[in-house]
Amino acid sequence: MSDIPTGSISIEDLENVQITIGKVVGAIEKKASDEGIEVGPTPKPGISTLRDWDYKLLSRYQPVYTPVCDQCCYCTFGKCDLSGNKEGACGINMEGHQAREFMLRVITGAAAHAGHGRHLLHHLIHLHGRDHPIDVGPSNLLAPNIQAVTGIKPETIGDLEEVMDYVEEQLTQLLATVHAGQEGSAMDFESKALHGGMLDHVGMEVSDIVQISCMGMPKSDPEAPLAEIGMGCIDSTKPVLLVIGHNVAGVTNIIDYLNDHDLSDKVELAGLCCTAIDMTRYQMDKGGKPYAKIVGSLAKELKMIRSGVPDVIVVDEQCVRADVLAESKKLSIPVITTNEKIMYGLPNRTNSSPESIIEDLSSGREAGALILDYDLLAEVSTELTIKMSKIRDEMGIKALPNEEELREIAARCVQCGACEMDCPDNLPIMAAMKAGAEGDFTKFEYLHDKCIACGRCDQACPKEIPILNIMEKASQKLIREEKGYMRAGRGQISDPEIREEGVNLVFGTTPGIIAMVGCSNYPDGTKDLYTVADEMLKRNYIVLMSGCSAMDLGMYKDEYGQTLYEKYPSKFLAGNLINVGSCVSNAHITGAAIKVAAIFAQRQVAGNYEEIADYITNRIGAVGVAWGAYSQKASSIATGCNRLGIPVVVGPHGSKYRKALIGKPYDEDTWKVYDARDGSEMPIPPSPEFLLTTADTIEELLPMLAKNCIRPSDGNLGRMIKLTHYIEMSQKYLGQMPDDWYKFVRGETDLPIAKREELLKILEKDYGWEIDWKRKKIISGPAMKLDISSQPTNVKRLCKEGC
Amino acid sequence: MAVDTTRNTQIYTTWGRKTAKPVKPDVAGKMISKAKRPLMVVGSGIVGDETLTEKTIIIAKKGIPVAATGHSMIVFNGMDVDAKYINVHALAHYLGDAKWKGLDNQGPYDTIFFLGHKKYYLEQVLSGLKNFTDLKTISIERHFMQNATLSFGNLRTEVHLEALDEFIENL
Ligand code: SF4
Ligand code: SF4
Ligand code: SF4
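Residue numbers (the numbering used here), protein chains in the order written: chain B, 284 to 1086; chain S, 11 to 181.
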């Protein structure tokens, strides 16, 4: 370890010469020891550092590949047909290639978040300086993912630069392995994917803690304000400025401009996707009412543009449709791009005067502009919106067909079926057209919520019927009613909250955490999210939301007109509903699990990833649900959870991620761990049964969630509660007792009290267990014992000495 | 009159060069009757569709074991058929494992057929089976499933139901 300090030093006699020492080998350990922090064995792990841990996970949860394409076209040896697991010209087989493809998706997602984080970090260091303190709420463990992975304990935003350096370097190394003639082993690609997923949570954490610290966002605040959401809450009588994307940096300048110029009640500021979430967090740490409104998720993007309501569109990065400019042009909506990731071929006007840009865009001379200076952006976008609103009114822009035209257009349909075949969900468009031609548009209303507004049907139709527009026009009444509330993202779960709830999670008396994350590619509309969250909340699970799921959940109300955000409190306690925030806030979900290990169980966190992951795997009943996962980011978020042993279920479209990680409950050898007290082997129940899998419907999903919250560490009360939910939800949604419920019974006290006698009878009759009926006790039968002081671990080195 | 289920095999995108052969209902029915260990894999798509449910149960009542995936189990309860719930992704995994003894512990299956699934979801499951197992897979869905070994073509709902009747007659 070196004694050279990092930072700037001057050398005597060499005036004006300054040498900056950024990194020194062993610097993390030295800084940590100076501060009295212990650093574990793996600070800043490389690709191979945690490979043994990955292989442990992968031996229980094996990759299941479902290729989306049987070919590989990566290099000019090919393209190669790999069907039937054949090898291509370079020697890679189908399994290896699928694992490579999956890893590429993961690091693409991780790069999107890390790129976002780096951009925010640059921007906010420029505004606030490196020494701006990290302030995320009442916590000492400010950055659980960052600390567990890198060993760095950041205190200022400048400290995060070294973290980003590490993430970027690792992502480059991972990307290098995609090249032809590199890795040939599917298992090692899987381990690399897990590495990429872990890095993603570090990059996300950097992004969110830097914006929370500098942008006045809520800091672990259970009372974060409610923000209006839904296409119906947009006041189209005002000039409407629509922002789309994920990076709120430029939008904060727009909000400031509106406030400074007294325009906030004159211009309607609306947002789509995570930028929308984050703009409702901006400057809300002291309370207040978010001024910006949320339209919704990606699935509303094309619908919102086609509605013709926006007067100007500002895009930043991620999940922005590639045809925003083309679609907007048709309706005379100028588009401003603000981030190098999306520039749409527009001229760079960063150095132009606001007047000249406004003139060029409002006259239609230019369809849009690239503006990378956010003060300029704020002025141009706001003033242009006000101007365009008048111009577009005078032009009499008509976006959607009127009622009479609707029927005429529907009558053009020749029932060829091309639209249905090309629709990703094969929605029944033909029947809706048939009814529409007869003046009945209710079938289109039915399709409205199920349609993800991809526009593929429009592209397919030989009669050039604007199918999406018909659907939108026919659903105007529904759209007007689309109004709800979303609780603004609160950021991290704080240390005191973990202290209070950790014990309940580890012993299972709080039956589990259900984290509903990800995008809007739902198999059957947005309402499903509401149904799942409501059911789990009623059953006292903690439900955590983020990203597009957090938005879509706010769109529905119960019979008393309340959204779930209004109905349930948002502390980190059983039966509470928390919105952590946008896509990058997903790091707080894994962060909460890491905090339980660090704070409740006092495990060393810094640079000690494997031990933390091992703790979470065996003790924290958390399951992720990415029901509408579509993006590469969703795969990296899920994979980052997976490396910590947190299972994730994706909706049926998630099968197109090409791979799942599924265990075999019938292979008993894989369901064993060590007891850290003496190193002996102990059997564990087959839960979680998978690390990544799909479900067909929410009725299948719900009992899966209950079952996969079961953990070896459950106390008898906890196990009884979890088993009760598993049995009840199987009965409710599948109409039967689950086939495997008995596998989770260690003794009679694990059985639901109300059903104990009945279940004991079944155990005796169907499974041959021996029951002492006088004492109502199980004498023999269970595959494992209830031993509350056992210490399940997958890692031999963590067992007590001598084993 | 026999239903021709083989005419329309249009697809939206392709997986590669190995594509299902279109099959007629009588041929599919006979293949399944000849199979030693057939398995019918049913998806949630049958729930709420009375006619489809009825036909699925008729098939199951012929003594064919059923993997009730998604939440299709709800229609088999109390029907006196050999149906067991299983997640379809997990099923795809286990089907490729020589050590798996089947849903009933009676050993591996040789011919597997599918009904009531989301098209895109089943294509993925079939893609896994096509690439990593030697199993014969038959789709009797309304859509042409290019990753099966054999599949009905794209059919209108009425024609599909007729095709299922003919399939049942030949079991
Ligand atoms: S990378 Fe390998 S499998 Fe892919 S095209 Fe090149 S030679 Fe073929
Ligand atoms: S826009 Fe809607 S209806 Fe059209 S193809 Fe996409 S999902 Fe289907
Ligand atoms: S593609 Fe066009 S013409 Fe064909 S069925 Fe669909 S709407 Fe009708």
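Just so you know, these hints were derived from the structure itself, not from any lab.
Everything numeric in this text was worked out from a predicted model, so none of it was measured.
We treat Cβ as the ideally placed atom computed from N, Cα and C, and that holds for glycine.
A hint or two may mislead.
To be verified - Listing some non-contacts, in silico: residues in chain B with all C-beta distances to chain S over 10 angstroms:
{"hint": "1", "residue": "Gly329"}
{"hint": "2", "residue": "Lys339"}
{"hint": "3", "residue": "Cys352"}
{"hint": "4", "residue": "Gly367"}
{"hint": "5", "residue": "Met377"}
{"hint": "6", "residue": "His409"}
{"hint": "7", "residue": "Asp418"}
{"hint": "8", "residue": "Ala459"}
{"hint": "9", "residue": "His462"}
{"hint": "10", "residue": "Lys502"}
{"hint": "11", "residue": "Lys733"}
{"hint": "12", "residue": "Ile945"}
{"hint": "13", "residue": "Ala978"}
{"hint": "14", "residue": "Asp979"}
{"hint": "15", "residue": "Arg1039"}
{"hint": "16", "residue": "Glu1040"}
Stated by the list, open to error - Each computed EDC-like pair below joins lysine to aspartate or glutamate, with the alpha-carbon atoms no more than 20 angstroms apart:
{"hint": "17", "chain 1": "B", "residue 1": "Lys1059", "chain 2": "B", "residue 2": "Glu1041"}
{"hint": "18", "chain 1": "S", "residue 1": "Lys109", "chain 2": "B", "residue 2": "Asp952"}
{"hint": "19", "chain 1": "S", "residue 1": "Lys109", "chain 2": "S", "residue 2": "Asp144"}
{"hint": "20", "chain 1": "B", "residue 1": "Lys369", "chain 2": "S", "residue 2": "Asp107"}
{"hint": "21", "chain 1": "S", "residue 1": "Lys129", "chain 2": "B", "residue 2": "Glu662"}
{"hint": "22", "chain 1": "S", "residue 1": "Lys111", "chain 2": "B", "residue 2": "Asp817"}
{"hint": "23", "chain 1": "B", "residue 1": "Lys717", "chain 2": "S", "residue 2": "Glu179"}
{"hint": "24", "chain 1": "S", "residue 1": "Lys28", "chain 2": "B", "residue 2": "Glu370"}
{"hint": "25", "chain 1": "B", "residue 1": "Lys726", "chain 2": "S", "residue 2": "Asp59"}
{"hint": "26", "chain 1": "S", "residue 1": "Lys109", "chain 2": "B", "residue 2": "Glu951"}
{"hint": "27", "chain 1": "S", "residue 1": "Lys31", "chain 2": "B", "residue 2": "Asp442"}
{"hint": "28", "chain 1": "B", "residue 1": "Lys339", "chain 2": "B", "residue 2": "Glu964"}
{"hint": "29", "chain 1": "B", "residue 1": "Lys1048", "chain 2": "S", "residue 2": "Asp114"}
{"hint": "30", "chain 1": "B", "residue 1": "Lys726", "chain 2": "B", "residue 2": "Glu688"}
{"hint": "31", "chain 1": "S", "residue 1": "Lys94", "chain 2": "B", "residue 2": "Glu1011"}
{"hint": "32", "chain 1": "B", "residue 1": "Lys1044", "chain 2": "B", "residue 2": "Asp1022"}
{"hint": "33", "chain 1": "B", "residue 1": "Lys521", "chain 2": "B", "residue 2": "Glu649"}
{"hint": "34", "chain 1": "S", "residue 1": "Lys111", "chain 2": "B", "residue 2": "Asp952"}
{"hint": "35", "chain 1": "B", "residue 1": "Lys1079", "chain 2": "B", "residue 2": "Asp952"}
{"hint": "36", "chain 1": "B", "residue 1": "Lys1026", "chain 2": "S", "residue 2": "Glu179"}
{"hint": "37", "chain 1": "S", "residue 1": "Lys94", "chain 2": "B", "residue 2": "Asp1049"}
{"hint": "38", "chain 1": "S", "residue 1": "Lys94", "chain 2": "B", "residue 2": "Asp1022"}
{"hint": "39", "chain 1": "S", "residue 1": "Lys111", "chain 2": "B", "residue 2": "Asp1022"}
{"hint": "40", "chain 1": "B", "residue 1": "Lys369", "chain 2": "S", "residue 2": "Asp144"}
Output the numbers, in ascending order, of every earlier hint that fails for this structure.
-> Hints 3, 4, 5, 12, 13, 14, 21, 22, 23, 27, 33 and 36 are the ones this structure does not satisfy, whereas the remaining hints hold.
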